Amino acid sequence: MIVLSIAMVFLVQSLYFASQALATSSNANNDCPIFSIKYGCDLSAWSHLIIDGLIAAFLGVFFHHLAHKQSLKLKIIVEEHDAMRKRRKEFAIQSLKNHFTTLLFSMSLVNRLEPMYASDTKNRDNIKDQINRNYEIISRVVNDIKNVMFFLNDVLEPQIITDVNQLCQTINQGYVKDENKQSKLTDYTETKNKINSLCRTFDEVHPAIVPIQGLFKRTSPDSPSNTRSLKKLIYQEIVLYYRHIFKRVYSSK
Amino acid sequence: MKILGIDDNTDINELLDTVLNGSGHEFIYVKNGTEGLKFIREKKFDIVLLDLAMPEFSGFDVINSLLKEGLLTKQKIILFTASSVLDSEIEELIKKGVHSCIRKPVDLDFLLEKLEQLQV
Numbered sequence: 001m002i003v004l005s006i007a008m009v010f011l012v013q014s015l016y017f018a019s020q021a022l023a024t025s026s027n028a029n030n031d032c033p034i035f036s037i038k039y040g041c042d043l044s045a046w047s048h049l050i051i052d053g054l055i056a057a058f059l060g061v062f063f064h065h066l067a068h069k070q071s072l073k074l075k076i077i078v079e080e081h082d083a084m085r086k087r088r089k090e091f092a093i094q095s096l097k098n099h100f101t102t103l104l105f106s107m108s109l110v111n112r113l114e115p116m117y118a119s120d121t122k123n124r125d126n127i128k129d130q131i132n133r134n135y136e137i138i139s140r141v142v143n144d145i146k147n148v149m150f151f152l153n154d155v156l157e158p159q160i161i162t163d164v165n166q167l168c169q170t171i172n173q174g175y176v177k178d179e180n181k182q183s184k185l186t187d188y189t190e191t192k193n194k195i196n197s198l199c200r201t202f203d204e205v206h207p208a209i210v211p212i213q214g215l216f217k218r219t220s221p222d223s224p225s226n227t228r229s230l231k232k233l234i235y236q237e238i239v240l241y242y243r244h245i246f247k248r249v250y251s252s253k
Numbered sequence: 001m002k003i004l005g006i007d008d009n010t011d012i013n014e015l016l017d018t019v020l021n022g023s024g025h026e027f028i029y030v031k032n033g034t035e036g037l038k039f040i041r042e043k044k045f046d047i048v049l050l051d052l053a054m055p056e057f058s059g060f061d062v063i064n065s066l067l068k069e070g071l072l073t074k075q076k077i078i079l080f081t082a083s084s085v086l087d088s089e090i091e092e093l094i095k096k097g098v099h100s101c102i103r104k105p106v107d108l109d110f111l112l113e114k115l116e117q118l119q120v
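Quick note, the sequences are listed as chains A and B, same order. The numbering of the first sequence is this note's numbering, which starts it at 1 and goes up by one. The numbering of the second sequence is this note's numbering, which starts it at 1 and goes up by one.
Since the hints were made in silico from the structure, they are not lab data. Misleading hints may appear alongside valid ones.
[As the list claims (entries may be wrong)] No more than 27 Å apart at the CA atoms, straight line, and that leaves these computed lysine-lysine pairs for BS3-like: (1) Lys74(B) x Lys146(A); (2) Lys89(A) x Lys194(A); (3) Lys44(B) x Lys96(B); (4) Lys114(B) x Lys43(B); (5) Lys31(B) x Lys86(A); (6) Lys89(A) x Lys44(B); (7) Lys31(B) x Lys96(B); (8) Lys44(B) x Lys68(B); (9) Lys38(B) x Lys114(B); (10) Lys114(B) x Lys192(A); (11) Lys194(A) x Lys114(B); (12) Lys89(A) x Lys73(A); (13) Lys114(B) x Lys76(B); (14) Lys114(B) x Lys95(B); (15) Lys74(B) x Lys44(B).
[Claimed, not checked] Partner residues are not named here, just some residues of chain B that face chain A (Cβ under 7 Å, in silico): (16) Ile12; (17) Leu15; (18) Asp17; (19) Gly22; (20) Ala53; (21) Lys104; (22) Asp107; (23) Leu108.
If you're wondering where the values come from, they're calculated on a predicted model, not measured in any experiment. Here a beta-carbon is modelled for each residue, glycine too, at the ideal position from N, C-alpha and C.
Could you build the full structure based on these sequences and the hints that come with them?
Next up, the structure:
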């Protein structure tokens with residue numbers, strides 16, 4: 001690009017100096033007006049006009065080429081941004097659904113273990129450890145959900161964000177300590193129903209619109225293959241564009 | 001039942017390990033597709049729970065590799081995924097030889113019920 005710009009500047013400068021040299025040598029008078037073509041008259045004025053016209057044409061084509069190239073680059077950047085947004089959205093939904101699965105599993109396990117804790121006096125300590133471990137998981141997952149909401153809230157619908165926040169609140173309120181200072185998760189069914197309804201809303205608000213296989217292809221925007229394909233795309237577009245112009249000009253003739 | 005879980009989510013793997021091994025099944029889990037593929041080649045499982053979205057070697061890569069090797073229909077592979085997979089994509093995978101799909105999030109009871117149905 002830089003080499004091309006320098007070459008253009010050099011060409012324009014050369015043509016400019018050549019035209020100036022020709023112009024200074026012109027000797028227009030009454031016998032030879034400035035644009036007349038007669039035997040014995042100097043043609044430098046014509047040359048001046050032609051060379052200036054050529055410079056203008058060169059510059060016009062060059063700037064048009066640059067503008068077209070820039071617009072192609074912008075188009076590619078916008079497309080990349082859109083693709084990245086889709087990937088972020090998919091990642092957010094996927095992370096939330098995975099966290100919800102963990103929540104449901106842990107809460108279900110706690111629900112199964114609690115009656116055992118009450119009845120099985122021999123393994124009480126073991127069961128208590130298991131219950132507490134699940135509470136830790138629930139607490140950690142709730143924090144992870146909050147992190148997802150914090151970092152990826154730009155790609156999620158406000159309705160989803162509100163619903164997820166309410167869910168986190170319900171789970172946090174569900175921790176109840178009994179007289180033995182044992183945590184107790186109340187309203188498991190309510191939480192389960194909320195998660196299920198939230199997932200239905202997910203599917204309604206963020207329906208799958210793109211084949212997921214394409215989103216899993218991990219390519220860095222700076223990778224050599226991407227740069228090559230970008231250049232190839234730009235050149236293909238330029239060739240197609242000029243071919244189109246050429247065809248139009250040719251057909252008009 | 002011998003069940004293999006291929007999922008990069010450690011919490012889910014560990015919880016399934018507790019529940020399934022506690023309820024009389026033999027559950028083994030791996031955290032990525034490459035290891036999962038290795039296990040499937042070496043051992044015979046009754047059910048393989050396969051997550052689709054995994055870094056480096058995704059569930060799609062596992063399915064494609066198994067398809068190339070002719071092993072896809074020899075295992076009962078169940079997609080266990082949180083991805084927004086299109087129904088048409090699932091149908092396509094089922095045509096290739098995948099058994100079925102369970103979309104996350106699921107309740108533990110539902111999953112156990114589904115596994116029991118498959119055992120029959």
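Comparing the hints with the structure gives:
no., hint, verdict
1, Lys74(B) x Lys146(A), "violated, 42 Å"
2, Lys89(A) x Lys194(A), "holds, 21 Å"
3, Lys44(B) x Lys96(B), "holds, 19 Å"
4, Lys114(B) x Lys43(B), "holds, 23 Å"
5, Lys31(B) x Lys86(A), "holds, 25 Å"
6, Lys89(A) x Lys44(B), "violated, 37 Å"
7, Lys31(B) x Lys96(B), "holds, 24 Å"
8, Lys44(B) x Lys68(B), "holds, 18 Å"
9, Lys38(B) x Lys114(B), "holds, 26 Å"
10, Lys114(B) x Lys192(A), "holds, 18 Å"
11, Lys194(A) x Lys114(B), "holds, 22 Å"
12, Lys89(A) x Lys73(A), "holds, 24 Å"
13, Lys114(B) x Lys76(B), "holds, 13 Å"
14, Lys114(B) x Lys95(B), "holds, 21 Å"
15, Lys74(B) x Lys44(B), "holds, 9 Å"
16, Ile12, "holds, 6 Å"
17, Leu15, "holds, 4 Å"
18, Asp17, "violated, 11 Å"
19, Gly22, "violated, 9 Å"
20, Ala53, "holds, 6 Å"
21, Lys104, "holds, 4 Å"
22, Asp107, "holds, 5 Å"
23, Leu108, "holds, 4 Å"
The structure shown violates the earlier hints numbered 1, 6, 18 and 19.
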